[in-house]
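S.K.: Read off the chains here:
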Amino acid sequence: MTVFATLGATGRATAGILGTMGRVIAFTGQALMWTFRPPLHWRELLVQLVQIGWLSLPVVGLTALFTGGALALQIYAGSARFSAEFAVPSITAIGMVRELGPVLGGLMVAARVASSIAAEIGTMKVSEQIDALRTLAVEPMQYLTVPRLLAATLAMPVLVAVGDAIGILGGYAVGVSRLGFDGPTYLRNTLDFLEFWDVGSGMVKGAVFGFLVALSGCYFGMHSGRGAQGVGEATKSAVVLASILILTANYLLTEAFFSA
Amino acid sequence: MIRARDIHKSFGAKKVLRGISFEVEKGESLVVIGGSGTGKSVLLKCLLGLERANAGTVEVAGLTDPKPQILAAQVGMLFQGGALFDSLPVWQNIAFRLMRGRARLSHSDAQALAIEKLARVGLGPETAHLFPAELSGGMQKRVGLARAIAGDPPVLFFDEPTAGLDPIMAAVINALIREVVSDLGATAVTITHDMRTVHDVADRVAMLHEGNFYWQGSAREAFETDDPVMRQFTQGLTEGPIPTLR
Chain A
-14 MTVFATLGAT
-4 GRATAGILGT
6 MGRVIAFTGQ
16 ALMWTFRPPL
26 HWRELLVQLV
36 QIGWLSLPVV
46 GLTALFTGGA
56 LALQIYAGSA
66 RFSAEFAVPS
76 ITAIGMVREL
86 GPVLGGLMVA
96 ARVASSIAAE
106 IGTMKVSEQI
116 DALRTLAVEP
126 MQYLTVPRLL
136 AATLAMPVLV
146 AVGDAIGILG
156 GYAVGVSRLG
166 FDGPTYLRNT
176 LDFLEFWDVG
186 SGMVKGAVFG
196 FLVALSGCYF
206 GMHSGRGAQG
216 VGEATKSAVV
226 LASILILTAN
236 YLLTEAFFSA
Chain B
1190 MIRARDIHKS
1200 FGAKKVLRGI
1210 SFEVEKGESL
1220 VVIGGSGTGK
1230 SVLLKCLLGL
1240 ERANAGTVEV
1250 AGLTDPKPQI
1260 LAAQVGMLFQ
1270 GGALFDSLPV
1280 WQNIAFRLMR
1290 GRARLSHSDA
1300 QALAIEKLAR
1310 VGLGPETAHL
1320 FPAELSGGMQ
1330 KRVGLARAIA
1340 GDPPVLFFDE
1350 PTAGLDPIMA
1360 AVINALIREV
1370 VSDLGATAVT
1380 ITHDMRTVHD
1390 VADRVAMLHE
1400 GNFYWQGSAR
1410 EAFETDDPVM
1420 RQFTQGLTEG
1430 PIPTLR
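Respectively, the protein sequence lines represent chains A and B. Numbering of the first sequence is given in our numbering, commencing with residue -14 and proceeding in unit increments. Numbering of the second sequence is given in our numbering, commencing with residue 1190 and proceeding in unit increments.
Hints were generated in silico from the structure; no laboratory data involved. There may be inaccurate statements among the hints.
[Claimed, not checked] Some, not all, of what chain B presents toward chain A, calculated at C-beta under 8 Å:
1) Met1190
2) Arg1241
3) Thr1253
4) Pro1257
5) Ala1261
6) Val1264
7) Phe1268
8) Gly1270
9) Phe1274
10) Phe1285
11) Met1288
[Claimed, not checked] Listing some non-contacts, in silico: residues in chain A with all C-beta distances to chain B over 10 Å:
12) Ala(-10)
13) Gly(-4)
14) Met6
15) Ser112
16) Thr120
17) Val123
18) Glu240
19) Ala241
[As the list claims (entries may be wrong)] Beyond 12 Å from chain A on every Cβ pair, some chain B residues (computed):
20) Ala1244
21) Gln1258
22) Ser1407
23) Glu1410
24) Val1418
Glycine included, each C-beta is placed from N, C-alpha and C at the ideal position.
Just need the whole structure built from these sequences, with the hints factored in.
M.R.: Okay, structure coming up:
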C-alpha cells in the first residue's frame, strides 16, 4: 500500500512538473509571437528598461564588487600553493566575466525583478485590470509581457558588463591593498589575458538570463491564483523557476561556448 | 442589441450557467440579481467575451461571439473594483483606449476628453492628474464610469457598481448610471446584489437562480411579487427556498 501510495504521489508530482513545463513552453511561444506583432508599446518598454535595468544597478554592482574581492583572495590563496600568484589578475577577470558576473547578476536580478513582475501582474489579474485591458482593445501579452521580456533581454547584458567592470575593480582593490600587487601591473595582467569572447559570452548569457527572469515573472503573474496568497505563491514560484532556469541555462551555454 | 441563446458554462463538474436565453432591447436597462456564486459575473464575462461559453451564442451590438478586443469600441464596462491602472494617472486611465490604434487622439485632445468625462461624473479637472491610489472608493467608481463612457459606447455593462460604497455614495453612483445610460441612449446590463440599484437603475429585472433566469419583470414587480424565491432575495430573509449555506 505504501509503495503504491509513493508511486502514485511520484506520478502526480511528475505529471504536475511536466504540465507546468508544457504551459511555460506554450506561454513562451505565445510571448515570442506577440513580440513580432505591432504595435510595440514604447512607453511601457522605456518604463521597464528603467525598472529592470537602471534600478537593478546598485544591487548588481554591490554583488560584483564583493564577489570580485573575494575571488581575488581565493585565487591568491590557491595559486600561492604553486607559486603562481601572478595569475591572480587574469583568473579573477576571466572568472568574473565568464561565470560569476552573469550568474550572480542574473540571480540577483531574478530575486529583484522576477518577484516584482509576478507580484505586479498577479495583482493586476486579481483586481481585474487584465480583464479591463482586454475590454479596452489591448492584448495583455502585448502590453505587459512583451515590454518586460524585451527590457530584461536588453538590460541584462549591460548590467553584466557594468558588473564585470565593478567586479574586476573589486579584485584590483583587494589585490593592490591586501595582496601587495602593483596597481599598473595588475591592470596590465588583467587586460592582456582577457579576450573579447570572454566578455561577449558573459553578455550573451546575460541576455538569455534576462529573458528567462522576465519570462518566469510574467508567466506566474499571468497564472496567479486569487487573493494575497495566490499572488504570494506566484511571486515565490517566479523566483524559484527563474533561478533554476538561470543555473541550467548557464551550464548549457558554458558547454556550448567553451567545451572543446 | 444584446442576445444570448442557450448559454451553458461549467467550471469542472460545476455547472454555473444552464442554458440561459434572453434579449435586451436597444436603450433598455436590464439588472441581473442573484445570490453570491450563482454566476452573475460569469454571465457578464460571457457577454463581454472574457469567458468563452461551453455552448450557446452571444450577440452584442450586431457582433456574434466577439472577442473583447473587437467589441471594445461598442462596449463600456465598469468593473466591481474599478480596475483602474495603478501606474497611470486618471486622465490616461479614462482615455486609455482612445490613445491607441490608428485613430488615436493626441495627448492634448485625450486630456481634454478625459476632463470632459470627469465633469460628466461630477469630478473636477484637478482629479485628472491624480493616480488611482490617491482616490477614495467612490471617486474610483466615478473614474471607472468615466472610462466606461469615454468612447460614447452604445452598450454599457456594470458589475456590482455600488459594492463597497456607503449608502449615500451608492445612491450617487446609481443616479449617475441612470443619467449616462439615458444620455447615451445606451443598452445596459447591470449585475448587483443591491436592491437600491434595482430600484434606481432597472427597466427590467432578471433573477439568476440555479443557472438560469428564474424570474423576470419590472423593478416594481420585483419588489411586489409573492414568488417565495424573489421575496426571500429582495427582502433579505434567512428563511426561504434559497439555501443560506452556499
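S.K.: Work down the list of hints and note, for each, if the structure agrees.
M.R.: Hints, one by one, checked against the model:
no.	hint	result
1	Met1190	violated, 17 Å
2	Arg1241	violated, 13 Å
3	Thr1253	violated, 18 Å
4	Pro1257	holds, 4 Å
5	Ala1261	holds, 4 Å
6	Val1264	holds, 7 Å
7	Phe1268	holds, 5 Å
8	Gly1270	holds, 6 Å
9	Phe1274	holds, 6 Å
10	Phe1285	holds, 5 Å
11	Met1288	violated, 10 Å
12	Ala(-10)	holds, 25 Å
13	Gly(-4)	holds, 21 Å
14	Met6	holds, 23 Å
15	Ser112	violated, 6 Å
16	Thr120	violated, 5 Å
17	Val123	violated, 7 Å
18	Glu240	holds, 41 Å
19	Ala241	holds, 39 Å
20	Ala1244	holds, 22 Å
21	Gln1258	violated, 5 Å
22	Ser1407	holds, 29 Å
23	Glu1410	holds, 32 Å
24	Val1418	holds, 29 Å
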